[in-house]
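Student: Chains L and S, in that order, give the protein sequences. Counting along the first sequence from 1, when you hit position 74 you're at 73 in numbering that gives the first Met the number 0, and nothing is skipped either side. Counting along the second sequence from 1, when you hit position 416 you're at 415 in numbering that gives the first Met the number 0, and nothing is skipped either side.
It should be emphasised that the hints constitute simulated quantities derived from the structure, not laboratory data. C-beta: ideal position from N, C-alpha, C; glycine also. Don't take each hint at face value.
[What the hints assert, rightly or not] Label pairs and their calculated CB-CB ranges:
#1 E359(S) <-> D124(L): 43 to 51 Å
#2 S200(L) <-> A114(S): 32 to 40 Å
#3 A93(S) <-> E77(L): 52 to 60 Å
#4 A260(L) <-> A513(S): 40 to 48 Å
#5 A233(L) <-> R165(S): 48 to 56 Å
#6 V198(S) <-> R184(L): 42 to 50 Å
[Claimed, not checked] Here are some, though not all, of the chain S residues that point toward chain L, as calculated from beta-carbon distances under 10 Å:
#7 W224
#8 A250
#9 V253
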Amino acid sequence: MRSEQRQDSARADALTLLPLADARCRATDFAGGKAAALARLVPTLPDAIPSAWVLPSAAARDLLAKASDAEATEWMPELQTAIERALPHHPNGYAVRSSATDEDSAVRSFAGQYETVLAVRDPGDVAEAVLTCVRSGSSDRIRAYRRASGTDDSDGDAPAVLIQGMVAAERSGVAFTIHPVTGARQTVLNANYGLGDLLVSGAVTPDTFVVDELGRIVQTTLGTKRRMTVLSHAGLEDLPVPEGLRERLCLLDSDVAAVVAAAKACEGQLGFAVDMEWAISRERVFVLQARPVTGLGPDPGHR
Amino acid sequence: MTADRGTDAEWITAVARPNTPLFLSFLISGQERAKIEEHTGLPVGFTHIRRRGIRLQYRADEIAAAKQAITELRERRGLALFEDYAQRCLSSCAAFLRRAKQLGIVADGAAATGASREERVDSYFSSAIAHATFLQTMILMQFELETFLDEFVADHTAGESEGERRRIADALKLALEPNHEIVNVTELLELGRFVQETVPGHAEWVTVDPADLIVRIASEFPELWERIRSYAERFGWMGRSYYVGSPTTSADVVLRLCDVLKDDCTERLRRAATNRERQLAERERAIAALGATAQAEHLAAVMSTYMHLRTYRLDVFFMAHELMVEVFREVARQLGLSGYEDTAFLAWQDITAALAGRSETVELTEKIVGRRGGFEFRATAGATEWLPTIPSAPSPAKRATDGATDTLHGVTGCPGQYTGRVRIIANAEDVRAMEPGEVLVTTMTLPSRMAAVEKARAIVTDEGGMLSHAVLVSREFNIPCVIGTGDATERLRTGDIIEVDASAATVRVVSAAAPDE
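Next comes chain S alone, as it looks inside the complex (with noise of 0.2 Å):
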């Protein structure tokens, strides 16, 4: 979260996320005080949320209060706090995925579950809205752990400098369990080794129209083809971001196919197992550094769950509604809409209401329409108002005059450097342009752009948290990342040169883009 800079103060925005009203109605519902508390057992809660642009907005003194809460609670308890907290979430994650299997295996199969649709989907958004509780107050959780890993670090290495201390804390920030998007690249870097290595003639490949390799794959290269269909389908989810966008299909995954061939996927393999080798060898010099005691392994298990659950507990969603999809297509079909991803722009009360009769297709249509222009609400405690859209005014132009001096500062989410041209990435059709090499600059990254990662020799994103998505991934994959710069991409352009010093957090304009580029 970084402060709304130059508005107004008493609100606080989060980072921008291409939320729709359907995730932000889940969200919503559970930010009451009673339910959060209910859910999370944490005394937290946010009874007024807003949406400007894209970015959602917390009051200052809610946040204020929440952190100072949890602050106490942390005093009190100390690291078990921290994981009795992500056991919650990982059940609660695992008990919303179960749920979604349940309700989503048979489309139209009231015998299935004994229930009918209307009961179906309101179970689902029972357990969406029981599970979306803690999405902010995980956040929360999470700089309130990092405080206390920072805390216990200094507690436990008198004598050593702030850099140490610093490379120390790091190194425990790490996944032992490889979340969705490092095994979605990871996979397909071995999809990549697997033609480099069975199939004579791939170097060609790369000379070969993509919608002609489409064809040639699936008719001549059985295995091949079986492999990316099995891939497709285990990962279709990513492709969509809050429920808008196309699943990846197999024809999708043979294009990102063709971007990771123009490198040695052997090579790139084992760059990241040797990249990983380094960083558990590191996390146990850290833990040896705090005196390898219980309690110092104990800290780093709970951090490396977090480190999981950040990515993991948006996934679940995702992937929960990936399995309900036929169900929305059904419900769109009985609602008089024109397909499934209407529904991702109606709250979850205007389907209920709907599907019990209440409402009509024509007042739904104008909601969708309405709300697919960009949308704005204003969520008290209890009541949800969804305004008309206000057309958002271009943003100033932050971009320095003197591009020579433009210098960036983040924060280091994986050191390195690289100096190459950026590429902004916004939405999907900025993913297929970017080529190999360049650098990714971003709001925030997601499992939808993991394709546009897999492609980038750096990362910047205007997005703050240590226990970010780019963390995670620019050190899987050892890619020089920054992080939040705030408004990386608003003062960059694609094509500009760019040197990022991720060690020092540091992005230096080397050469502007054309003004017209």
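Isolated chain L, as found in the complex (with noise of 0.2 Å):
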């Protein structure tokens, strides 16, 4: 199965990138969990999605196994071309991040994350960051683990890639449609102000928002939020709060409401309840990452 596919895609252009509106993208096995999922959402929430495209896994497999055997001179101009032929100039640059077929696997969660790069705007960049990105899945670790376990004595396995146009997020945080501490049928949004980077690293203690099944907002906390992560034309900067924005909640009512809609929509959409990074810019909710919320896991505000 695997070997076949390696061969249809070499056939094709194993180097092309897929905008993830492509149906392919909508497949586990071709784009990963991560891309395939928002690939998914793109029919039914096509304004919050961010732009993206797709290295498939088995295109990635294919770069992984040239990296590893010839030099990059060989290999990686034909990257660069195929990320500057598929990408548009985009004024915020791209959020690169591996998509792997076992996402939700215990190699990913002993791994802890493969890959994401943020804030990336040079073409050469971005095909850096699709190598760290496809590479994250032979890690030291990775591999460790699985000849330990046994499971496997390859030299593991290429992740597809996911580019998304980055959102420069006024607002961001996670949302999860059922409670990930008592399994409440209600919707818990953790939010701070700029990039969601820092809460979902734990970084900062967020706000918290929970909601009720008829969307009546039941809870509300306010996390200290002493810092913030800013996206410039420079990169990532990350500033602390200031003192007069610490003390109020991040999101208003409606933002909430906003983003319970979404988080609900991508539920309906993907048919388990999600677990869903999302972000606020210019007044629009905007779709990360929506993934099944799997098992009772650590409260959210220590992620």
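Join the two chains into one complex using the hints; note that each chain is given alone, in its own frame.
Tutor: Printed below as a string of structure tokens:
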């Protein structure tokens, strides 16, 4: 199966990036879990999914094989050309994320995270970021785990790669359409100013909103929100949140309602309770990532 | 300095400042008579200092003796005394800044200076102590220089009215080199002008949530964001005062920018420039009225240096410490403290002893926690005793019961009239809450309160000196200013409507705020 796919894509063009809207991207084994979920959401939430391109799994494996066997000069120009051809100029640059087929497997949880490289602008840097993602599936840690567990003695796998236009997030966070602690049918939002990376890494205490099935906000908890990440032309900047902004909730009720509506739409389209990363920019809600809520995880405030 | 009304007459109370233990430990280490004499060449000094509430107190007899000594020197040496002293202060400031730059640039760079962290901290402390010697002396020198100026004007303007003499003396109190606070406001207005001239749709910014605006400017306006970042880098130190608080960041600058954008920045800059030209012209006329002699020119130049030095000398302390911030972060880590700011609540001797392994984290933490809630100390010749905190009794209400007759008297800082709403500024929270167009009422203005000054249409301070910070800034921007009211911050309340007649140096309450405001 795998070798057939490799031949197929090799015959076509191994290094073509497909737009996320391409129907093939909806298959997990083709585009990886992260990209496939977003691709399935495009018809339902066309304005909420940032424009994105996918390096399919098969092409990623080819690239990894070339990168392991050949000098960079042999394959780097091809990769850069593919990127320049596919990607329009995006003023905010790109987020380059790995999109593995085994996203929720034990390997992933052991390895922590596959790579994500944010705010990449130059095509050369995008190419480097793509390589970083492609290689993340065969990192030393994952290989060590595979050897130790005896599940696989190969050189590891290459995840597909998702290249998203960066959203200059004014607020961002995560949303769970099921309470991750109690399992209640409530939507729980965490939110901070700026980009969501500090929140996802647990570096700040975000605001928390709990919304019931009727859309009423039943609980709000003010987070300290000491820092925020801002996307500027120079890249990501980590800034202290000015004190006047820390002591108030970073979302209006209408923002909460818009994020909840997006999360519910994701849940309806994907058919499972979602753990969704979202961002608000210019009064628009963007869905950056949506995956199943796997079991009752830890307190979302300390993810 | 104002007399401490109604308490121990043996003590003189200096203006209230948010001093921290570390800053005071530099100051009082330099107060021994011999050190002051060595570093300033002046036979003055203070062997007894104490702190009550937020006010430092000096012994009245020592202040009197210092004043006497300075007066005698002035009679003997004339203007040369002031010039020499100012030059000494300026070169001392420069040397201290240079030292801090050498010591602070590389955070963990024993290799950079060839010195260990302990040695670098020691060296910084020594430099700060040497530099600190003239803090109190400086104020006395300024008073004496004003006396000298008044006498000079009286001697050279026979037949002029008292008012005309006052005008001539005032016109000479102009800093030719703008100080950091003025540059700070001017450049913010220039940022505002840049936005108003080059950004279409900026008029809507006032309706955008500030948090959104930070992100939008960063991602959509690269050139403006670079300007903002560079501004924040240069003036970041102003956000802290006396080593506590947060440095100004790009995000804070955006919030301040939102405020200035409510005005026409080009017009405000034009007014400031016109005002400056008028002041310079008045200064020229004053020199002419004094006979346009070399001596008059010389006096005006020395006066201008003092106007600059007045704020510069304190700014240098904060700028230098900001250069050392990484070093003090490491010191805090090494000593097991919770962060940089904690070091501000230790005396330099505490830090030195702890770095040498002579005290435990727990002892330091106790000191920090205790002093964060307020502190008192008693410094006598050669020894400083930190006393347990005595909770300050609530000050008796000084508010007049009959608001209509409540008039405060002070000194004209910058002439003019304005009637508006009072905003008492005691902390950073008040600065943020202040609305453009209000009257800034505070104990004294500080660099960290510039965000309030730029919103103010009039300024009223408790503090006394004619060469004070508030005067400098208000004159530069032509904001009516009354200083030296003694207790405006206690007699007025946020929300009161007051009529500031700065030309007459009075402040009258038009209507009092609702009692619960």
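Student: All hints are to be evaluated individually against the structure, with a verdict given for each.
Tutor: Hints, one by one, checked against the model:
no. : hint                            : verdict
1   : E359(S) <-> D124(L): 43 to 51 Å : holds, 49 Å
2   : S200(L) <-> A114(S): 32 to 40 Å : holds, 37 Å
3   : A93(S) <-> E77(L): 52 to 60 Å   : holds, 59 Å
4   : A260(L) <-> A513(S): 40 to 48 Å : holds, 43 Å
5   : A233(L) <-> R165(S): 48 to 56 Å : holds, 53 Å
6   : V198(S) <-> R184(L): 42 to 50 Å : holds, 46 Å
7   : W224                            : holds, 5 Å
8   : A250                            : holds, 5 Å
9   : V253                            : holds, 8 Å
Violated hints: none; the structure is consistent with every hint.
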